[in-house]
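Asks: Here the protein sequences come in this chain order: A and B.
Numbered per my numbering, the first sequence finishes at 251, counting up by one with no gaps.
Numbered per my numbering, the second sequence finishes at 1341, counting up by one with no gaps.
It is worth saying that the hints were derived from the structure and are not from the lab.
Note that the structure is a prediction, hence the values are computed from the model and not measured.
All clues stand as given, with none of them false.
Below are the DSS-like pairs computed for lysine-lysine, each with C-alpha atoms no more than 27 Å apart in a straight line: (1) A:Lys225 <-> B:Lys1112; (2) A:Lys150 <-> B:Lys1146; (3) B:Lys1147 <-> A:Lys150; (4) B:Lys1146 <-> A:Lys95.
Derived list of chain A stretches under chain B, where covered just means 3 residues or more per stretch with a C-beta under 8 Å from a C-beta of chain B: (5) 121-128; (6) 132-138.
On the chain A side, residues computed to face chain B include the following (Cβ under 8 Å): (7) Ala141; (8) Trp142; (9) Asn143; (10) Thr144; (11) Gly224.
Note that beta-carbon positions come from the ideal geometry of N, C-alpha and C, so glycine has one too.
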Amino acid sequence: MNYFVRLSLLLATLLLPAYGMATPASDSGIITIVIEPMFGDQPLQLSDKSYVDNFGDTLYIDLFRFYMTDLDFDLRGDTTFVLAGYSHLVDAEDKNTLSFSVKIPAGTYSTFNFTAGVDSFENTSGANGGDLDPAMGMYWAWNTGYIMAKLEGHSNVCKTLHHAFEFHIGGYMPPYNAARNIAIALPRAMIVDHDTRNTVRIKADVAAWLTTSLAKVNSIVIPGKDAAAMADNYAKMYSLDKEVQIPLIHK
Amino acid sequence: MKYLVTACLGALILYCAFGFDIKPEDIRFVRPDGWPKPVYDFSKNKITVDGFKLGRKLFFDPILSRDGSTSCASCHTQWSAFTHVDHGLSHGINGLKGKRNSLTLFNLAWNKSFMWDGGINHLEVQPLGPITNPVEMGNTLENVVKKLDTAKGYRARFYLAFGDSAITGQHVLKALAQFTVMFESFNSKYDKYTRHEPGGEMTEQELNGLKLFRKNCESCHNEPLFTNYSFQNVGLSLDTELKDYGRMGITQDPQDSLKFKVPSLRNVAMSYPYMHDGRFRTLLQVLDHYTNTIVQSPTLAKEFRKPMVLSLQDKKDIIEFLKTLTDKDFLFDMRFREERE
Chain A
1 MNYFVRLSLL
11 LATLLLPAYG
21 MATPASDSGI
31 ITIVIEPMFG
41 DQPLQLSDKS
51 YVDNFGDTLY
61 IDLFRFYMTD
71 LDFDLRGDTT
81 FVLAGYSHLV
91 DAEDKNTLSF
101 SVKIPAGTYS
111 TFNFTAGVDS
121 FENTSGANGG
131 DLDPAMGMYW
141 AWNTGYIMAK
151 LEGHSNVCKT
161 LHHAFEFHIG
171 GYMPPYNAAR
181 NIAIALPRAM
191 IVDHDTRNTV
201 RIKADVAAWL
211 TTSLAKVNSI
221 VIPGKDAAAM
231 ADNYAKMYSL
241 DKEVQIPLIH
251 K
Chain B
1001 MKYLVTACLG
1011 ALILYCAFGF
1021 DIKPEDIRFV
1031 RPDGWPKPVY
1041 DFSKNKITVD
1051 GFKLGRKLFF
1061 DPILSRDGST
1071 SCASCHTQWS
1081 AFTHVDHGLS
1091 HGINGLKGKR
1101 NSLTLFNLAW
1111 NKSFMWDGGI
1121 NHLEVQPLGP
1131 ITNPVEMGNT
1141 LENVVKKLDT
1151 AKGYRARFYL
1161 AFGDSAITGQ
1171 HVLKALAQFT
1181 VMFESFNSKY
1191 DKYTRHEPGG
1201 EMTEQELNGL
1211 KLFRKNCESC
1221 HNEPLFTNYS
1231 FQNVGLSLDT
1241 ELKDYGRMGI
1251 TQDPQDSLKF
1261 KVPSLRNVAM
1271 SYPYMHDGRF
1281 RTLLQVLDHY
1291 TNTIVQSPTL
1301 AKEFRKPMVL
1311 SLQDKKDIIE
1321 FLKTLTDKDF
1331 LFDMRFREER
1341 E
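Model the full assembly from the supplied sequences, consistent with the hints where possible.
Replies: Structure (structure tokens):
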């Protein structure tokens, strides 16, 4: 219930400005990206809900954050529309971060691409702002660079203080760059114009990330080989849930 | 005459009370003739009077540390070329000791990386090192932003500097960079000598020192910046307590074991002790190490593979030359003094 109230409120807030902007039959449309943190086939709940991983171990997730940057959309055919410099930080704890809208030119799109993480340019360009502000808690001080994704939780199989596990994955220097390119194919061509609102719902599945036993690996907090290997796991987290197109009624 | 004295006295009192006022001409960055192009991209952080003054205020404000005890200036004092003079290992909050000797701060616009291990890749994010190090300021940037937001006067200063009174981590870091990037040192006796200016007259001993320096030290400490910004193993024995392998901690590459950044030798006579862990108190001890106590290891710099030969007199001459790299204009530059309110 609560969820639907939120969703409609969200849609309402997003629709109103778009409606206002649409007057000069603009050649662009709005796409809303919605992120759904999951654990397998269940919506992810932080801290108080237990899950069982692929190794049969019971665990709790306490924190789950990741960057989506370098968004772009492939037009059917060969051209790509790039949203230069768009960076978004998803935090499972903060509902406001679980959806965002972008304006793109009208067209028929086949794929949504993004970087899971932050590319090397942003890692070497000093103090950035917005979601890339180093005050967002996703930045290493002693060895410059973004923490591209964070996953923290606890499980009795972890022989650590408070049975905690923590994965702070990052690193931009080759060969251990932890940014991964993700392509989400849209099953039917997505038509974007000023008369419709498109929503792309993407699942981010923590279970897909945890493909090594927590008893064996429960802490990676520096860039390097292990972080890069784990980045290969989190690249598998993302999948399309569904794509919705809502017609807008213009007066 | 009486008037003049009164006026001067008055000016001095006013000056002491309010500090040096910054004018637009005071924040013009200079690229001295013959120097390479700075690495720092000024176009992305235009220096303004208000930005510089905000950075200066932050530099001297212990509010940046978790317990309000330690500021940047605590370990970076101007008269020692912004290092922690007389401290082998610098200490921060709760009297905790770090594992390295604080570096000098000047000509930072030319630095390709920061810290002894080069772990920090950009001037703007350099302050995050000391701010978050548990034995330095023990804080987080998030918390610094929160504290500044409620501290008196800061929101207005951020508005003046960046047109936004909402304080962000980005703006804290950009302001600090606007201040520290202006620490320029290019007016030592040596500089005046190379520019054939008055005050640049070198003694015979200093000139002999320069000759020996160019023969023995120049490959890493090259002019005019007196560093080539590389990382080198200079044959120091591993401190068994600190177990500090330097650059390897950043790159995870065994070929970087025991390598540390080549520091600039400008103002070196003012910034003792020396080396990454401050193990030598005098320049003579440093030179004695280079001739007598090099520890051979696979990553040792090629320059030290065969022993450096210098007589005691040679060393004394080199040291006399190194003293000509002291830049009093920089060490006593009023622009970098704490602002009094």
